[in-house]
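J.: Spelled out, the chains give:
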Amino acid sequence: MLTKDTIASEIPRLRRYARALVGHEAEADDLVQDTLERALGRLHLWQTAANPRQWLLTILHKLHLERRRDDALRPQPDVVDASEPDPVNHPENAVTKCEVSAALQRLPLEQRQIVLLVSLEGLSYAEAAGILDVPIGTVMSRLARGRDKLRQLLDHPAGAAVTPAALRRVK
Amino acid sequence: MTAGRSFTDTDLNAYIDGELSGTERAAVEAWLNADADAALRLKALRALDQRLKGTFEFVLDEPASRTMQASVLARGTARRWPGWSWAAVTLTAAVLTGAAGYAGRGWLDARVPRPALVETAVVAHRLFTQEVRHPVEVPAADEAHLVKWLTKRLGTPVKVPVLQEQGFKLLGGRLLPEPGGPSAQVMYESAQGGRLTLYARRVAGGAQDSAFAFAQQTDLATVTWIDRPLAFALVAKLPRDDLQRAATAVYEQLQK
Chain A
1 MLTKDTIASE IPRLRRYARA LVGHEAEADD LVQDTLERAL GRLHLWQTAA NPRQWLLTIL
61 HKLHLERRRD DALRPQPDVV DASEPDPVNH PENAVTKCEV SAALQRLPLE QRQIVLLVSL
121 EGLSYAEAAG ILDVPIGTVM SRLARGRDKL RQLLDHPAGA AVTPAALRRV K
Chain B
172 MTAGRSFTDT DLNAYIDGEL SGTERAAVEA WLNADADAAL RLKALRALDQ RLKGTFEFVL
232 DEPASRTMQA SVLARGTARR WPGWSWAAVT LTAAVLTGAA GYAGRGWLDA RVPRPALVET
292 AVVAHRLFTQ EVRHPVEVPA ADEAHLVKWL TKRLGTPVKV PVLQEQGFKL LGGRLLPEPG
352 GPSAQVMYES AQGGRLTLYA RRVAGGAQDS AFAFAQQTDL ATVTWIDRPL AFALVAKLPR
412 DDLQRAATAV YEQLQK
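If you read the sequences in order, they're chains A and B.
Numbering-wise (our numbering), the first sequence opens with residue 1 and increments by one.
Numbering-wise (our numbering), the second sequence opens with residue 172 and increments by one.
Chain A extracted, bound-state conformation:
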């Protein structure tokens, strides 16, 4: 039986994943809030076959896609600098964090999702395939391409970062 406690215990990791996926703290937390809201409203729909983390990440991805779609329909989105310094309390690491975060935002979403699910969350290919509803072969090819591209972006930030990645604010 999936309980509120289980869901609560997943929150730190969900937030970490959302932050890496979205790149913007407030937007990421907003996405997590919506995910929790939907999950709590649908506890009865949870199937014992799925582990809670997989289930929550599936919901999070759906909501993220919905938001991007809504965003795309919006005529004139505000553009903000995606490279805003992240954690005030870790100034010594802020630069590295910004680099990684900005590089991630430049990956195509389908590659970013897989790279983060596997590299950051340590999920198996089968779990990632289940969450994103794609075949395992697709997971493998996107993962290899995504990691390769990310490495290049980080190795050659100057050449790659001609135009800084921009985020659209959800609100």
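Hints are computed from structural coordinates only; laboratory data are not their basis.
One should not assume that every hint holds.
Cβ-to-Cβ under 8 Å is the rule here; a few derived chain A residues that face chain B [stated by the list, open to error]: (1) R16; (2) L45; (3) L73; (4) V100; (5) L120; (6) L132; (7) A144; (8) R147; (9) L150; (10) R151.
What you are looking at is a predicted structure, and each value in this text was computed from that prediction instead of being measured.
Glycine included, every Cβ here is placed at the ideal spot set by N, Cα and C.
Mind docking chain B on chain A? Use the hints.
T.: Using the frame of chain A, we list chain B on its own:
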């Protein structure tokens, strides 16, 4: 994998991700031993994973996680969360009415905690701390008038505590309508723009003085207590300890 097959970076990925069987692993390892370039790419892949993990590690320990956890645990499964959006403002009227209905059923003389007090104070906090131009009815510049006004309308001496030491300066205050008579909200602001509100209303005759009660309402922390003839709620987006210190300061100043 057969001895004759050629390897690709997909194999390297599957290798570091632990997706290979024993024989497949052995085959990839043999390849890595023979191909220095492949070994370098493997090293780069591992370094990339480490860097990703290191980059976002700090998010796990952010206080926001604990705040969200507390609100998930505190929440009934059927109710929607207040806050986070404009929906909260449209909900406000309904919640205020609901809270009033609850109060009307007599929580004041009951021995129970004070959900209605927390709820009302939190709704008022959300509603008015969002205001940039009109957060208060009477600004801090008119503090003497504010005190006189609130004292008169609440029908009991009202003091406005100083929270300078806690990093908050007075913005001002306002009167709020309540079925049991007017209540008051005093608002403070930190140098970073964080806002804290102190809500006060009269309690019914039977209410006992009480100790601090702490509650978390999504992102907002609250401390409530009764110090007859008033019930108080202190509300802010603060860690529990900080809010409790502020509440202690308020309490002590009001005793004087």
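J.: Indicate, hint by hint, whether the structure satisfies it.
T.: Here is how each hint holds up against the structure:
no.: 1; hint: R16; in the structure: holds (4 Å)
no.: 2; hint: L45; in the structure: violated (12 Å)
no.: 3; hint: L73; in the structure: violated (19 Å)
no.: 4; hint: V100; in the structure: holds (4 Å)
no.: 5; hint: L120; in the structure: holds (5 Å)
no.: 6; hint: L132; in the structure: violated (16 Å)
no.: 7; hint: A144; in the structure: holds (5 Å)
no.: 8; hint: R147; in the structure: holds (6 Å)
no.: 9; hint: L150; in the structure: holds (6 Å)
no.: 10; hint: R151; in the structure: holds (5 Å)
Going down the numbered hints, you'll see the structure goes against 2, 3, 6, while the others check out.
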